[in-house]
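Chains as they are written, first to last, in the numbering used here: chain A, 1 to 284; chain B, 1 to 271; chain C, 1 to 371.
Bear in mind the hints are in silico, worked out from the structure with no lab data behind them.
Hints may contain errors.
Pair ranges (Cβ atoms, derived) [said to hold, decoys possible]:
| id | chain 1 | residue 1 | chain 2 | residue 2 | range |
| --- | --- | --- | --- | --- | --- |
| 1 | A | D178 | C | E231 | 46 to 56 Å |
| 2 | C | E225 | A | A184 | 15 to 25 Å |
| 3 | C | G17 | B | A21 | 50 to 60 Å |
| 4 | C | E73 | A | I270 | 32 to 42 Å |
| 5 | B | I244 | A | T60 | 21 to 31 Å |
Glycine included, every Cβ here is placed at the ideal spot set by N, Cα and C.
Residue strings, one per chain:
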Amino acid sequence: MERNSRIFALMTPPVVFLAVLFVLPLAIMALFTFRGGSFGLDTSQPWTLEHYQKFIANTTFLRVFWRSIVLSFEVSTLCILLAYPIAYYLSFHAGPKRITLLTMILVPAWISYLLRVLSWKIILGGTGFAASFLMWLGLVEKGVPILIYSPAATVITLVYVWVPFIALPIFAAIERIDPSLLEASADLGGNQSATFLRVTLPLSLPGIIAGFLFVFIPTVGEYVTPMLVGGPKGVMFGNMIWGQFMRALNWPMGSLMSLVMFVAVLLPIIIVARFVRLSDLAGV
Amino acid sequence: MRDVQFKKFLSPASIYFWIFAVFLYFPIFLLVILSFNDSALLRFPLKGFTLDWYKTVLRSHELVGALQNSVVVGVVSSVVSGVLGTMAAIGIVRFRFPGRNLFLAISALPLVIPAIVIGVALLILFRSILDVDLSLWTLGLSHVVINIPIVMLIVASRLAGMDANLEEAAMDLGASYWTAQLRVTLPIVFPALIAAFLTAFTTSFDEYAMSVFVVGTKPTLPVYMYSMLRFPRKIPVVVTMASIILVASIALIFLAEQLRRAGQNSTSKVR
Amino acid sequence: MPSTVVSLSNVTKIFPGFRGAEPVLAVNDVSLNIMAGEFFTLLGPSGCGKTTTLRLIAGFETPSEGELLIQGEPTLGVPPNKRPVNTVFQNYALFPHLDVGQNVGFGLAMRKVPKDQRQGHVRKVLELVQLSGMEDRKTSQLSGGQQQRVALARALINEPTVLLLDEPLGALDLKLRKAMQLELKHLQEQVGITFIYVTHDQEEALTMSDRIGLMNEGHLLQVDEPVSIYEYPQTRFTADFIGETNFLSGKIAARDGPQFQVEVAGWKVEAIGTQGTVGDAVTIAIRPEKLSLVATGTVDGVTSKKARGLLGQIQEEVYIGTDTRYVVRLSSEEELVIRVQNVGSHSGRAFSSGEKVQVVWDANDARVLTA
């Protein structure tokens with residue numbers, strides 16, 4: 001009895017808060033997608049599927065949505081490819097300084113996202129740093145925008161933003177590998193690359209998957225970076241949602257797109273959650 | 001011996017690491033350097049050294065106002081999420097109850113789903129359902145939502161590493177459950193509380209993607225800075241502001257790390 | 001006339017199973033009266049329920065069934081901080097963020113005893129556990145033995161009616177443990193508080209206790225003084241857990257009150273017991289040190305005062321310094337372990353492997369077991 005009153009006292013405020021300010025809004029947003037009209041909660045409007053129909057019919061929406069998924073996939077994969085050697089180096093070659101070096105890599109990750117995107121905007125811009133540098137070297141003509149306002153710029157910037165974040169889970173996964181397994185592999189005749197491919201890589205897979213999802217999911221919802229460096233060709237799904245709320249003022253449609261994004265992002269999480277118990281990840 | 005170390009230093013993995021590190025820090029340094037550049041345009045080669053931009057920053061009322069808003073929202077939302085997150089952490093770590101795993105899953109979601117989705121959902125809640133004006137209050141509430149999981153994770157991790165017997169010992173010696181939390185549990189996890197607060201603050205301070213939807217007429221710093229980016233002449237001011245924030249962030253992060261490590265070492269389970 | 005200070009009546013504790021696991025019956029219908037001022041030990045293997053029983057008394061768990069009284073008062077609904085009971089935890093549970101003095105004085109601080117009074121009490125109790133002057137030390141700076149004393153001091157300062165000790169010496173090395181056993185015993189006699197001690201180490205229990213309660217799988221098997229529990233074990237488990245025992249299976253051939261004649265391995269041997277009728281299949285328990293070896297041929301089984309012996313062949317002979325340990329195989333294929341003290345002329349080499357011998361004992365040393 002005592003125990004129950006304690007649980008109640010501890011858990012009620014956070015539960016209520018999240019229920020009202022997180023679960024409830026998401027549920028309302030989902031409901032919104034069935035309201036007719038454009039401006040939001042217009043109770044005179046009937047329930048309708050018109051937004052769903054319009055969404056599915058709109059090839060631009062679908063195309064951009066798919067492109068956003070693909071781009072997120074590219075960013076996540078590049079991040080893994082770039083970060084893995086870092087984690088590997090730190091774990092196997094860095095020796096006692098590894099934690100210090102890891103922290104050194106992680107520090108930029110915690111600095112303002114906006115500012116790091118800004119720095120790339122400056123570097124990549126038309127009269128920006130990279131362009132003027134190359135002009136100074138005499139390599140290019142005046143005013144050639146290097147990559148800015150393109151999907152490539154978005155990819156580069158996002159990779160820059162996320163790569164330090166990925167180093168940590170991969171590093172942790174590699175560190176957790178029992179060293180005697182590596183010794184066993186060598187003992188049984190495996191050379192460096194065989195040990196890597198058959199032991200280290202598979203065993204660090206949980207870290208890779210965690211890192212991948214950690215980047216993939218927020219990137220699907222990206223709109224700030226595309227707005228700053230993506231240009232018209234680099235529009236992502238997030239930009240379209242933003243547009244529905246800030247320009248077109250079609251909240252139900254915006255809600256629907258947001259819901260689509262939410263579900264798209266939830267699927268990989270659920271799949272992974274089947275294999276990993278959340279409490280294990282959190283370490284509690 | 002030195003030979004081996006030198007070889008290690010030059011190994012491909014090591015070279016890659018250092019190139020990577022340079023690549024990581026270069027844009028940041030660039031911003032700092034450019035803040036001293038005597039020119040409205042950010043191009044190479046650099047012009048003279050100047051402190052003018054810093055003076056402009058400090059004199060701008062709007063900017064100082066936005067900074068103030070960010071600090072207030074940051075502190076308040078960090079305290080609120082700190083309290084709620086710590087309560088949840090204690091509940092999750094010390095007790096088993098039906099719905100525990102469901103709560104863990106749901107409370108972790110704000111961290112994982114794109115900020116825009118949360119921003120949109122809250123905008124609908126505030127404007128369509130509740131019909132309240134957007135303000136720093138609505139912004140603050142949204143920041144608490146994304147910070148609760150962060151606080152929970154940090155505090156829960158520290159809590160799990162603490163000897164559960166200590167609470168029992170306190171109660172055995174005459175403390176009520178709540179006194180035991182106040183006199184024993186909280187002091188022991190204190191470094192984690194500080195780290196959680198600082199992390200929540202940094203997250204709130206930097207938040208833009210979600211904030212844009214629920215901020216009212218009074219901007220926070222990221223919102224204000226972004227609005228200035230549309231004017232090329234104002235970009236150096238933004239850059240300068242950015243440099244200041246960058247240096248301050250790095251300092252805060254180191255502080256949080258030191259505190260977290262200090263807590264980890266001194267009070268882990270006996271035996 | 002010593003009074004009952006803690007009494008358990010048919011106490012049962014069931015832990016619910018989580019995620020499809022079976023519920024655990026940790027304490028099963030235990031009834032027990034502990035007297036004021038005694039050193040009582042709950043003894044048993046891991047998982048037998050002794051720690052759970054201790055926690056029930058402390059108030060960290062609530063009984064599923066049955067009644068638990070402390071000083072005659074029911075404890076249902078009384079939280080640990082309101083019971084006249086203090087605990088010394090297995091891993092000491094010293095507060096890492098407080099120094100030694102603050103740890104020891106914690107209970108008094110909870111009762112709002114003013115600071116200067118507290119300091120006086122702290123000083124006195126630290127003297128009692130031989131840690132004078134250590135008030136300002138950090139707990140992490142102390143050795144295992146010192147931490148243990150701080151835990152003890154922290155509990156004793158509150159002058160509890162009952163002190164509970166949960167395997168407090170488990171983490172110490174052998175020599176220190178033996179020294180601490182005697183110290184704890186003296187301390188208890190000095191202070192006069194009832195100690196309820198939990199351990200799985202039977203030697204420790206035999207050394208320190210006024211009475212021992214032996215538990216296995218949630219059941220309380222026997223409550224007795226150390227001598228009685230050792231000499232008169234009532235169950236096979238008890239005989240086996242405490243010290244070393246030989247077991248022989250046989251059938252009751254005759255009975256005269258407490259004296260039994262049991263047919264074992266084709267021979268009739270004598271033992272004493274409390275239960276059993278002629279014809280029952282029973283187990284006899286005899287301690288190795290109570291057995292003697294006699295060379296065949298030297299004893300006339302009928303006329304000697306000792307019980308007729310069992311004929312067997314020595315399989316093994318191990319010299320252990322103070323004793324020699326023999327393993328003798330009987331014609332029934334059962335094996336007996338005999339310990340012979342190395343005294344006098346046959347120090348060490350009285351008998352050798354392969355020799356045929358008679359195993360004899362005094363009838364009063366063999367027990368007929370009831371379970």
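Q) For this structure, which hints from the list above don't hold up? A) When the structure is compared with the hints, numbers 2, 4 and 5 turn out to be violated.
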